[in-house]
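K.L.:
Please put together the full structure from these sequences, using the hints given.
Protein chains: 2
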Amino acid sequence: MSELRYDPVRRTWVIIATERGMRPIHVQRHDKVPKPVSKSVCPFCPGNEDRTPPEIMSLKDPEAGPGAVRWQIRVIPNKFPALTIESSQERHGKGIYDVVSGFGAHEVIVETPSDEEQMADFSVSHLRNVFSVYRDRLSDLRRDSRFRYIIIFKNHGTEAGASLLHSHSQIIAIPVTPSLIAVELASNREYYLNKERCMMCDIIHQEIEDGERIVINEEYFVAFTPFASSFPFELRIAPKIHKHDFSVVDEDHLQHFAAVVKELLMRLRKVLNDPPYNFILHSSPPVNPRPGKSDYWTSIADDYHWHLDLIPRVTYIAGFEWGTGFQINPASPEDAARFLREAEI
Amino acid sequence: MSELRYDPVRRTWVIIATERGMRPIHVQRHDKVPKPVSKSVCPFCPGNEDRTPPEIMSLKDPEAGPGAVRWQIRVIPNKFPALTIESSQERHGKGIYDVVSGFGAHEVIVETPSDEEQMADFSVSHLRNVFSVYRDRLSDLRRDSRFRYIIIFKNHGTEAGASLLHSHSQIIAIPVTPSLIAVELASNREYYLNKERCMMCDIIHQEIEDGERIVINEEYFVAFTPFASSFPFELRIAPKIHKHDFSVVDEDHLQHFAAVVKELLMRLRKVLNDPPYNFILHSSPPVNPRPGKSDYWTSIADDYHWHLDLIPRVTYIAGFEWGTGFQINPASPEDAARFLREAEI
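Residue numbers (the numbering used here), protein chains in the order written: chain A, 1 to 345; chain B, 1 to 345.
It is worth saying that the hints were derived from the structure and are not from the lab.
A portion of the hints provided could be inaccurate.
The list cannot tell twin chains apart, which means a pair is met if one copy fits it or any two copies do.
[Claimed, not checked] Below 27 Å or equal to it, Euclidean Cα-Cα: the simulated DSSO-like pairs (lysine-lysine) are:
#	residue 1	residue 2
1	94	240
2	240	60
3	39	79
4	240	262
5	195	94
6	240	79
P.N.:
Here is the structure:
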């Protein structure tokens with residue numbers, strides 16, 4: 001049974017997920033590297049659907065013949081979830097500490113029937129479909145008022161935390177507001193109250209004016225290396241017109257978004273030799289009024305700006321980083337943007 | 001020239017350290033794994049002292065004969081520093097962003113003349129000497145009022161960020177307060193103001209009473225797996241009697257501290273099969289009065305409690321963790337403490 005625990009010193013939550021009876025061997029480093037699995041065993045490959053929990057939704061291929069693979073994208077509950085929807089939602093103290101039961105949702109989006117195709121290989125229209133599945137799952141989970149935050153993310157490659165090679169992404173819905181999101185919301189809110197402008201809108205305006213950190217600037221989206229990038233070749237993709245909530249993005253924007261993300265993945269693959277990467281979709285949290293917090297959430301549509309953070313995992317996180325909460329980045333964002341712009345893909 | 005940049009969204013600093021003319025090949029993952037270097041090349045081995053910048057201090061072996069290796073522990077400036085003491089200390093804005101010049105100190109403590117001996121192998125008295133060098137360097141750097149924080153840490157193993165196998169640790173002194181430290185200081189302060197007790201003293205009291213997360217409980221120190229451990233087998237070592245500042249710890253405490261750390265490293269090596277690890281010394285920041293902040297810093301001696309955080313690096317940091325700022329820990333701290341206690345070393 002997993003649980004969320006609060007660290008009173010660092011003021012952050014942690015999920016202790018020990019469903020499976022941990023033994024030290026399970027956490028030894030050499031045991032963590034995923035091995036390629038054959039198609040007959042891979043739980044995400046067509047034909048092995050019974051190896052996963054019952055599917056939540058799927059996108060069928062309308063043109064497929066009777067014998068062909070029927071689904072193109074498939075959403076399933078995670079077989080080894082960090083949090084479960086069946087748990088009761090309990091909060092209690094334990095002396096100086098705080099505990100919340102491991103209530104939540106943990107879903108997997110199998111992005112393709114193919115065991116080999118990676119996201120950078122997807123057609124733009126297939127990638128748009130993947131993002132429309134993100135949108136629909138986000139929209140559905142936002143209706144559950146017990147969730148404080150819903151995160152959609154992708155781990156590509158072993159060092160980025162992927163445990164299966166078959167291309168997939170994940171959704172986790174949690175009953176607390178993560179510390180990092182609380183900071184992001186607070187800084188956006190404070191900025192908006194001071195200036196009556198969205199901070200991300202101002203950042204985008206300045207980035208386009210400066211130009212040196214821009215990688216793609218098209219009709220609807222801008223992609224740039226953030227000024228204070230924590231990691232080499234880190235990228236941020238944001239819509240140019242203010243919008244707080246990814247769950248209501250229209251098809252036209254999804255199509256452009258897919259084209260931009262595909263191009264960035266191809267540029268990263270070229271420049272960094274197929275790096276492991278994570279991406280994280282930052283959309284506004286569901287606005288669930290709760291005691292003493294209502295005014296905090298009312299204007300979130302004005303001050304939050306959805307975006308995708310795309311982080312190649314090419315540096316190690318060492319003692320300095322754990323001890324301070326900030327990173328030493330050996331690549332300037334300006335150089336990184338230039339290399340990405342100039343790459344021939 | 002490196003610089004510190006502030007991320008206005010996440011409210012955290014980042015060091016952009018691009019002294020050496022970055023090319024993408026330098027940050028490609030496969031290029032980051034340190035290769036064992038021979039003794040004739042290792043800059044930390046005796047005989048190669050001219051391969052490092054001039055030493056800051058060293059501890060000699062008083063009993064060594066004329067031909068023997070003279071130093072036992074050696075402190076040198078980092079040859080590729082993240083920050084440099086020669087930089088002027090400049091702060092300026094750049095549109096919406098904030099920049100501080102890359103002013104600071106970055107030192108390396110070569111912990112042993114031996115290329116093979118790891119910290120877990122050190123004798124307790126040698127480890128005490130290493131910690132007394134930490135103390136003396138901390139004490140010296142604390143006198144420079146331009147530093148807001150001084151961190152001492154160790155990276156052991158490739159995945160923990162060590163770039164050389166020869167056992168060493170590092171000190172970085174920085175001109176800003178890191179976000180994580182700011183949170184730690186604030187939570188300690190707030191707790192103290194409410195209760196007139198140190199939070200860590202209360203945590204230690206509760207941990208000793210509970211018992212299930214205790215690994216070592218001796219005369220001066222307690223070592224336990226924190227209740228909200230972010231990582232499997234994470235450990236915290238703290239003095240049982242309140243003390244905020246490691247730079248004034250006495251010899252008797254250092255001796256006990258060394259014995260406890262050595263035992264923990266041996267237990268970790270046994271249980272997790274020589275894992276990569278980081279440790280980070282958390283000592284109170286230097287109290288440098290500055291405008292509008294004086295009352296914040298005056299009672300730090302009462303509410304801050306020094307400690308060492310020891311983190312085996314056995315899990316990968318994936319998208320969820322980057323997106324929320326909190327970790328999914330597959331090992332319960334209670335199980336981890338039990339395995340560590342029961343290990344035969």
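K.L.:
Quick check: which numbered hints come out false for this structure?
P.N.:
Of the numbered hints, 2 and 6 do not hold.
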